[in-house]
Amino acid sequence: MAGPAPEDREKPTGRRNSQGIRIDPQAEAEAKPRRTVISALVDHKPGVLAKVSGLFARRQFNIESLTVGPTVDETMARMTIVVEEPEPGIEQAKRQLRKQVHTWSVREVEGAIERELALIKVDGHDPSGVAALAEMHGGQAVRADDEVVTVELTGTEEEIDAAIAAFEQFGVHEVARTGTAALASGTRSTA
Amino acid sequence: MSKSQPTNESEASADTDELSEEASDEQTANKTKGAQSVVTALEKAEVEITFGVQGGAIMPVYDALADSDIHHVSMAHEQGASHAADAYGIVSGKPGVTITTSGPGATNLVTGIADANLDSDPIVSLTGQVPQDMVGNDAFQETNTMGITSPITKANIFATSPDTVGDDVGTALALAAEGRQGPTLVDLPKNVTTSETDVEPSEPTVPEAYQVPPDEADPHSVEAAAEALAAADRPLILSGGGVIKSEASEQLREFAIEYGIPVVTTMPGLGSFPEDNALALEMGGMHGTGYANMALSHCDVLLGIGTRFDDRLTGGIETFAPEAEVIHVDIDPAEISKNIHADYPLIGDAGAVIEQLHGAMPGEPDAEAWRDRTMEWKATYPMGYETPQDEAVKPQFVVEAMNEAAADDAIVTTGVGQHQMWAAQYWTYTEPRTWVSSNGLGTMGYGAPAAVGAKLAAPDTQVIAFEGDGSFLMTSQAIAPAVRENLDITVAILNNSYVGMIRQWQDAFYDERRYESDWDWGPDFATLAEAYGAQGLRAMGYDEVPDVIEEAFAYDGPSVIDFHVDPVADVYPMVPSGGNNAEFALEADHL
Ligand SMILES: Cc1ncc(C[n+]2csc(CCOP(=O)(O)OP(=O)(O)O)c2C)c(N)n1
Chain A
1 MAGPAPEDRE
11 KPTGRRNSQG
21 IRIDPQAEAE
31 AKPRRTVISA
41 LVDHKPGVLA
51 KVSGLFARRQ
61 FNIESLTVGP
71 TVDETMARMT
81 IVVEEPEPGI
91 EQAKRQLRKQ
101 VHTWSVREVE
111 GAIERELALI
121 KVDGHDPSGV
131 AALAEMHGGQ
141 AVRADDEVVT
151 VELTGTEEEI
161 DAAIAAFEQF
171 GVHEVARTGT
181 AALASGTRST
191 A
Chain B
1001 MSKSQPTNES
1011 EASADTDELS
1021 EEASDEQTAN
1031 KTKGAQSVVT
1041 ALEKAEVEIT
1051 FGVQGGAIMP
1061 VYDALADSDI
1071 HHVSMAHEQG
1081 ASHAADAYGI
1091 VSGKPGVTIT
1101 TSGPGATNLV
1111 TGIADANLDS
1121 DPIVSLTGQV
1131 PQDMVGNDAF
1141 QETNTMGITS
1151 PITKANIFAT
1161 SPDTVGDDVG
1171 TALALAAEGR
1181 QGPTLVDLPK
1191 NVTTSETDVE
1201 PSEPTVPEAY
1211 QVPPDEADPH
1221 SVEAAAEALA
1231 AADRPLILSG
1241 GGVIKSEASE
1251 QLREFAIEYG
1261 IPVVTTMPGL
1271 GSFPEDNALA
1281 LEMGGMHGTG
1291 YANMALSHCD
1301 VLLGIGTRFD
1311 DRLTGGIETF
1321 APEAEVIHVD
1331 IDPAEISKNI
1341 HADYPLIGDA
1351 GAVIEQLHGA
1361 MPGEPDAEAW
1371 RDRTMEWKAT
1381 YPMGYETPQD
1391 EAVKPQFVVE
1401 AMNEAAADDA
1411 IVTTGVGQHQ
1421 MWAAQYWTYT
1431 EPRTWVSSNG
1441 LGTMGYGAPA
1451 AVGAKLAAPD
1461 TQVIAFEGDG
1471 SFLMTSQAIA
1481 PAVRENLDIT
1491 VAILNNSYVG
1501 MIRQWQDAFY
1511 DERRYESDWD
1521 WGPDFATLAE
1531 AYGAQGLRAM
1541 GYDEVPDVIE
1551 EAFAYDGPSV
1561 IDFHVDPVAD
1571 VYPMVPSGGN
1581 NAEFALEADH
1591 L
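Those sequence lines, one after another, are chains A and B. Okay, so the first sequence: first residue is 1 according to the numbering used here, each after it adds one. Okay, so the second sequence: first residue is 1001 according to the numbering used here, each after it adds one.
Just so you know, these hints were derived from the structure itself, not from any lab. Remember, predicted model here, so these are calculated numbers, not experimental data. Glycine is no exception: its CB is placed at the ideal position from the N, C-alpha and C atoms. One or more of the hints may lead you astray.
Examples of chain B residues toward chain A, derived with CB under 10 Å [as the list claims (entries may be wrong)]:
1) His-1071
2) Ala-1155
3) Ala-1582
4) Glu-1583
Sequences and hints are given; from them, build the entire structure.
Take a look at the structure:
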């Protein structure tokens, strides 16, 4: 079976980027990642969270946090997923999530009200200093034990990052964070 | 059964318990068992045939099946059951059903489920499970079937009550067939199938939350896409497996022919467009034809229908159809722009959207010059091979000889390896549902059990399996049920005493180091076939080829032909993994 070798054939011009988008062959055009909050209403049933987290792991989406909890409708749970991905990845994540059998609705929440809860265990040599700093960050010292003070804080992810950084001056022993929960603002429904 | 029982109890003692329970319950009026509900649900969905293997945890369901008209085919291995069900689904268009036990029964199925998942084939797996109060305790023959199959099923359901188990089965059947088809599974704990219920299963329905895809695409998008297509100078259709799944082959033919648009098919799309039509460029991608790949690389509008733009088709994303605006028709919104960005996303059923496009086309694209170019490419890059009569038989020749001798509508199933590619390249597919292969997962051993499922789905149609010596060795036990069911199938082994595709890659990319690819230790396949009770035949040279084919076709029952073919024949054209489709190699020197 003979025929012209690859170098002897007519060549197409043009190129796609790694996301499969046709681009100017000269230009570099990879979409930059964007952080976004995706909210999904799913059946409040065992196995659904495993399925969703498995889906995200398998498809290698870059997830910052995934939280889940019941809603006013006891048959449903809300998942809040913070994703950092280029545009096509965000779109894929929403579509993959939407097509799950137990998913009722999926929405990217623009201008979301975002909060996360953190418990921060701070060294207790200066309890009143810790309490004052907690208050400055809108939180409170919820417990003082022998050598540590535990602070409870809610805020956006950045606010909590900032607070933890501030507590470093006393010495931070342990941190537990819940990940972000979010709702759309005003009367707009979230998902 | 209580938790205090030792978890490693033997199946026998568990089953004796069950039998005495069942006997005492017999008289209760209007009461049935969960197992009966499972069978009733299958009957309501008009399931005619099931594939499987018995086992402790599934015995109640088999017992209920005994009183049903459903035909159960006992396969010799659960992998074979899932491949047979998969092929049954491809050929009949209705979900293929497997019934197997827990633990090893379920894990043996897994390859076939994963296979169905990547090819979007409708199968429903009903797996036995240990009683609920033992779940999680590492009981005898327990595995976490839900966990294992979750990533490879469209949906899986753990049945929790005899009152709802019938509906669970109905849901699984409905989901497998709805929208983008795929595998579903119901895990059936033994206490659920043995407990009593007086609830009749209702009609199979998909869960409320499940988004049933729309049939028709957004009309504005259709209009824009039709305009782009009509304005194209170099239009091309890429027809995928979704065209066959949605029964849209007829619409596709009419559309392509009316507007004079050349057609490339994906591997799962083989048969969606007749390869003997002048517009057919046949299969594209890694082992596609040179002309298909030239057309893909030079088209300016590409209409992809029911394809997920798999990497075997696209090669490197950067160089795939680099000049083309892409119109993508798919029933699954998540497929749109997953691999290749769609300039015109059309979400809907392939058949319905083709008709919409048909209605919206402002005119025929002015593509005569383009069609001429594709014709030139056909002449420049023809498919072919040489047949020196003093050398070993070329495998391609066997495929062509079989094609010539077989009925026009014969169904081809395949294993995986070089033989699969030759079967794709050198057989002329003209009808949908005649190519039954492991396209996405590339599962060796698919061919023989798939032939069983295909034949049972289409008893009046000729079924031929192409297998490699390595591939056939993996599931040859499927010949046993083929003999038992007296299925008139022909298995053609293209025996090169190598795992040939591996040998080809070693020769091309690993300095010809043929490490562990020389499989000259295989059995004598004709004798093996005889041992199973099938007809075993052998062909050593060109002159023997027509005779053994005739003998196999004449025999009423399963035949296995061991064709001794050129051990070092290679599959060309070839685009190396991730390569540029336009740079397909026609011979080793091109790689
Ligand atoms: C279950 C499985 N294991 C391994 C492979 C990797 N593999 C792909 S092709 C191939 C060789 C197939 O050999 P054979 O069946 O003899 O067919 P040939 O290529 O010689 O036609 C192998 C080992 C596979 N596809 N499937």
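- request: Against chain A, run the beta carbon of B:His-1071 and see if the smallest gap drops under 10 Å.
  value: violated (29 Å)
Interface restraint verdict for B:Ala-1582 against chain A (beta-carbon cut-off 10 Å): Where the cut-off is 10 Å and the nearest Cβ of chain A is about 6 Å from B:Ala-1582, the hint holds.
task: Against chain A, run the beta carbon of B:Ala-1155 and see if the smallest gap drops under 10 Å.
output: Holds, about 4 Å.
- prompt: Does B:Glu-1583 pass the interface hint, meaning its C-beta sits closer than 10 Å to a C-beta of chain A?
  reply: It holds, given that the least Cβ distance between B:Glu-1583 and chain A is near 4 Å, below 10 Å.
The structure is inconsistent with hint 1 alone, although it conforms to all the rest.
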